[in-house]
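Residue numbers (the numbering used here), protein chains in the order written: chain A, 209 to 342; chain B, 52 to 279.
These are computed hints drawn from the structure, not numbers from a lab. It cannot be assumed that every hint is accurate.
Unchecked claim - No more than 30 Å apart at the CA atoms, straight line, and that leaves these computed lysine-lysine pairs for DSBU-like:
1. K281/A <-> K257/B
2. K281/A <-> K232/A
3. K114/B <-> K232/A
4. K299/A <-> K131/B
5. K113/B <-> K299/A
6. K232/A <-> K328/A
7. K126/B <-> K299/A
8. K78/B <-> K114/B
9. K126/B <-> K113/B
10. K113/B <-> K328/A
11. K239/B <-> K257/B
12. K232/A <-> K239/B
13. K114/B <-> K131/B
14. K281/A <-> K126/B
15. K114/B <-> K281/A
16. K114/B <-> K126/B
17. K239/B <-> K299/A
18. K281/A <-> K131/B
19. K78/B <-> K126/B
As the list claims (entries may be wrong) - Here's a subset of chain B near chain A, in silico, CB distances under 10 Å, partners left out:
20. E60
21. K112
22. D117
23. E183
24. A188
25. A235
Stated by the list, open to error - Have a look at the derived ranges for each label pair, beta carbon to beta carbon:
26. E92/B <-> P266/A: 38 to 46 Å
27. R278/A <-> A273/B: 42 to 50 Å
28. D249/A <-> R75/B: 25 to 33 Å
29. R282/A <-> D117/B: 16 to 24 Å
30. R90/B <-> K299/A: 15 to 23 Å
The C-beta atom is built at its ideal place from N, Cα and C for all residues, glycine as well.
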Amino acid sequence: MPVTCLVVDDSPSARKVIVHYLRKAGCAVVAEASNALEALDLFRQHQPDVVTLDLMMPQHFNIDSMGLLRAIKRERPQTAVIVVSVIPFEKIRYEYIEQGVLAYIVKPLTEESFEPVRIKLTQLHPELALVQQR
Amino acid sequence: MIDGLQALEAWTRTAYDAILMDCRMPKMDGYEAAREIRRREGPARHIPIVALTAHALDSDKKKCVDAGMDDYLSKPVDLKVLAETLRRVTAHETAPASPAPTENEASTGNDGPVLDPATMDGLRAQAGLLPELIGTALAEMSEQVAHLADMLAAHNHADAGIAAHSLKGLARTFGAARMAELAAAVEKMAGAQATDQALAGLDQLKQECERVSRELNRERDALPANSH
Numbered sequence: 209m210p211v212t213c214l215v216v217d218d219s220p221s222a223r224k225v226i227v228h229y230l231r232k233a234g235c236a237v238v239a240e241a242s243n244a245l246e247a248l249d250l251f252r253q254h255q256p257d258v259v260t261l262d263l264m265m266p267q268h269f270n271i272d273s274m275g276l277l278r279a280i281k282r283e284r285p286q287t288a289v290i291v292v293s294v295i296p297f298e299k300i301r302y303e304y305i306e307q308g309v310l311a312y313i314v315k316p317l318t319e320e321s322f323e324p325v326r327i328k329l330t331q332l333h334p335e336l337a338l339v340q341q342r
Numbered sequence: 052m053i054d055g056l057q058a059l060e061a062w063t064r065t066a067y068d069a070i071l072m073d074c075r076m077p078k079m080d081g082y083e084a085a086r087e088i089r090r091r092e093g094p095a096r097h098i099p100i101v102a103l104t105a106h107a108l109d110s111d112k113k114k115c116v117d118a119g120m121d122d123y124l125s126k127p128v129d130l131k132v133l134a135e136t137l138r139r140v141t142a143h144e145t146a147p148a149s150p151a152p153t154e155n156e157a158s159t160g161n162d163g164p165v166l167d168p169a170t171m172d173g174l175r176a177q178a179g180l181l182p183e184l185i186g187t188a189l190a191e192m193s194e195q196v197a198h199l200a201d202m203l204a205a206h207n208h209a210d211a212g213i214a215a216h217s218l219k220g221l222a223r224t225f226g227a228a229r230m231a232e233l234a235a236a237v238e239k240m241a242g243a244q245a246t247d248q249a250l251a252g253l254d255q256l257k258q259e260c261e262r263v264s265r266e267l268n269r270e271r272d273a274l275p276a277n278s279h
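Just chain B, same shape as in the assembly (with noise of 0.2 Å):
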């Protein structure tokens, strides 16, 4: 499309899974268009708009987003960063909660593997990290569950919920998918202070630690021995 008018004209004809929105077009810019667009499909709808700009000021990138756009590059733009993005933005349009797992606490999930391989591939792809990451996510995954269940006892359900969170982040550096879940689960209780239910969840989450625990014992003996 050669102006924000056709573009316009071409999204209401076919469903694109994104656009990619230059600003500077004759007739009517990438700005406008984008508003157009928003005001047009209304809030239960939602097309992945990147802009692209000649320069990333500030102030550029205030525009994009008051606009509706979703993300910008700025030119020339690089191809990586480009499918970087546009897998970031339309991954969000499909499944609105991703990349996070399902927080839904009732799903059990116990059959797949408490570690993702394709997550521990990358990590030992990297030369000389695990060794030394693992020693430490084990310290302060117990630190952390003994942090959770203090501020738990002690109704402190902001701190509560923060090391929930950051027992989910741990969990995702290894992709422990199960043990994600189980501290999402628990920090979304601390947030709505349901003691007993993040209590419950506590219990839940301290199983799953202890399997990913387990698990990073037997990576780390199975390390190269010039690695430790």
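This is chain A alone, in the form it adopts within the complex (with noise of 0.2 Å):
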């Protein structure tokens, strides 16, 4: 069973990128959305081990990322959540910790900055290291 990721954010330059780091971790991208409202469909109808969340997005039918992330919560508390997002403000960083995610990623994503992350990954899908590209 390969573990299995959503990838949220309004960004097709983003996407690319984190799908790339996704997918060298030994990932499955299974879907991308460019905003909460489609992300939420996605996630249901995925079941996503991992959702990677922008969080400034053009908002829809007043749903945004705290929003989508309670909800995804709410719904399979097992999900692995990582914010990847330019907002560098403790505050914010803090309640999105509050919420349980995984792990919060100041753009850019690079090698190095997803590394804590892939690490993560590895420890809760401990599976993951067997097909990861190093």
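Can you join these two chains into the complex? Each is in its own frame, and there are hints to help.
So this is what it looks like as structure tokens:
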């Protein structure tokens, strides 16, 4: 069973970079979304193990990234959520950490900044070690 | 230190860069010690405190954050994770706005390279990433610049702010420091509903985006033929 991921970011370039590092870590990216509403649909449909979450996206029907995170944690608390955002502020980071995110990465996402996340994901899903490209 | 009281005493005597705080300790536990440090240092100072917990349950994390700690690590601690965490929490301590570059509009910053060489080297090292990424980024950049102009013209400051924010993120991906700075300035002005200033900022941002585009096109042309 592959470790499945949903990538949520309004920037197609950011999604490309995130998908690259997730695949390198051995994960299977099953869906991509560019806003929180679309993401919630795809989350329910695919029930991924991992969700990466951008924080500032065009909003549709009143659901923002925090709303999406709460819905994910309510419906499948075991989902590992990784915030990938340009926003560096501690206060916002706390708010998301309080909601149980696995990691909070400040963009740009690089080999270096992704490494702690790769380690955490591999701790959660030891089978990833077998398929990682080093 | 073997307990929270000793930690507190050591902290009052020495100016440490950061504290790694075990949560379960005799006499005074880590939560209480962290709370006491935050109470005594007041709002002006903030020593980074990283909690060490046996299990990272959500309830434990919440207790750490509530006690004023900056981050938490679950045992056994991985050295790489520890190094990254310390780097992050101490970076925030010395420069509150980091790792964002200065958002001061007055700085010209035209002297530096358009794209940071180290960032570009990092991207080149990722097999297969750059050829596709450059095409996507070029399209996204011109779309977002046009969208930003439209939103400002329509006085839709919220969406203008989001477009500027996206351009900032895009700039960071390639280490385009000047572009990120200009995008951040426009984002700020959109947030303040200062349309005229934002439009002036947008002109500068457009010029810098053109420079970034040229560099990215040059990079794409220089890629090995088989990676196209």
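Evaluation of the provided hints:
The suggested pairing of K281/A with K257/B is violated, with an alpha-carbon distance near 40 Å, which exceeds 30 Å. Only pairs whose Cα atoms come within 30 Å are accepted, and K281/A paired with K232/A is accepted, the gap being roughly 26 Å. With a C-alpha separation of about 34 Å, the suggested pairing of K114/B with K232/A is violated against the 30 Å cut-off. Taking the CA atoms of K299/A and K131/B, the gap is near 24 Å; set against the 30 Å cutoff, the hint holds.
Among the hinted pairs, K113/B with K299/A is consistent with the structure: their alpha-carbon atoms are about 14 Å apart, no more than 30 Å. Between K232/A and K328/A, the direct Cα distance comes to roughly 14 Å. Compliance with the 30 Å bound is thereby established for this hinted pair. With a C-alpha separation of about 25 Å, the suggested pairing of K126/B with K299/A holds against the 30 Å cut-off. Distance restraint check for K78/B and K114/B: the Cα-Cα separation of roughly 18 Å lies within the 30 Å cut-off, and the hinted pair is therefore satisfied.
A C-alpha spacing of about 17 Å is found between K126/B and K113/B, which places the hinted pair at or below 30 Å, so the restraint holds. Of the pairs offered as hints, the one joining K113/B and K328/A holds, with about 19 Å between alpha carbons and a cut-off of 30 Å not exceeded. Restraint check for K239/B and K257/B: the C-alpha separation of about 16 Å stays at or below 30 Å, so the hint holds. A threshold of 30 Å between alpha carbons decides the hint, and for K232/A with K239/B the separation of about 36 Å lies outside it, so the pair is violated.
Of the supplied pair hints, the one linking K114/B and K131/B holds, its CA atoms being roughly 24 Å apart against a limit of 30 Å. Pair hint K281/A plus K126/B holds up; C-alpha atoms about 23 Å apart against a cutoff of 30 Å. Between K114/B and K281/A the CA atoms are separated by roughly 18 Å; this keeps the pair inside 30 Å, and the hint holds. Restraint check for K114/B and K126/B: satisfied, since their Cα atoms lie roughly 16 Å apart, inside the 30 Å limit.
Restraint check for K239/B and K299/A: satisfied, since their Cα atoms lie roughly 18 Å apart, inside the 30 Å limit. Pair hint K281/A plus K131/B holds up; C-alpha atoms about 27 Å apart against a cutoff of 30 Å. As the CA atoms of K78/B and K126/B are separated by approximately 21 Å, the hinted pair is consistent with the 30 Å bound. At a threshold of 10 Å, the smallest CB-CB gap from E60/B to chain A is about 27 Å, leaving the interface hint violated.
Because the smallest distance between the Cβ of K112/B and any Cβ of chain A comes to about 6 Å, under 10 Å, the interface hint for this residue holds. Hint status for D117/B relative to chain A: holds, with the closest Cβ pair at about 8 Å, below 10 Å. Here the hint on E183/B is kept, as its CB sits about 6 Å from the closest CB of chain A, short of 10 Å. Interface hint status for A188/B: upheld, as the beta-carbon distance to the closest one in chain A is roughly 4 Å, under 10 Å.
Using the Cβ-Cβ criterion of 10 Å, the hint placing A235/B at the interface with chain A is satisfied: the shortest such distance is roughly 9 Å. Distance hint check: the CB atoms of E92/B and P266/A are about 40 Å apart, consistent with the given range 38 to 46 Å. In this structure the supplied range 42 to 50 Å holds for R278/A paired with A273/B, their Cβ-Cβ distance being about 46 Å. Distance hint check: the CB atoms of D249/A and R75/B are about 43 Å apart, inconsistent with the given range 25 to 33 Å.
At roughly 21 Å, the beta-carbon separation of R282/A and D117/B lies within the given 16 to 24 Å, and the hint holds. The given range of 15 to 23 Å is respected by R90/B and K299/A, whose C-beta atoms sit roughly 19 Å from each other.
Hints 1, 3, 12, 20, 28 from the list above are not met by this structure, while the remaining hints are.
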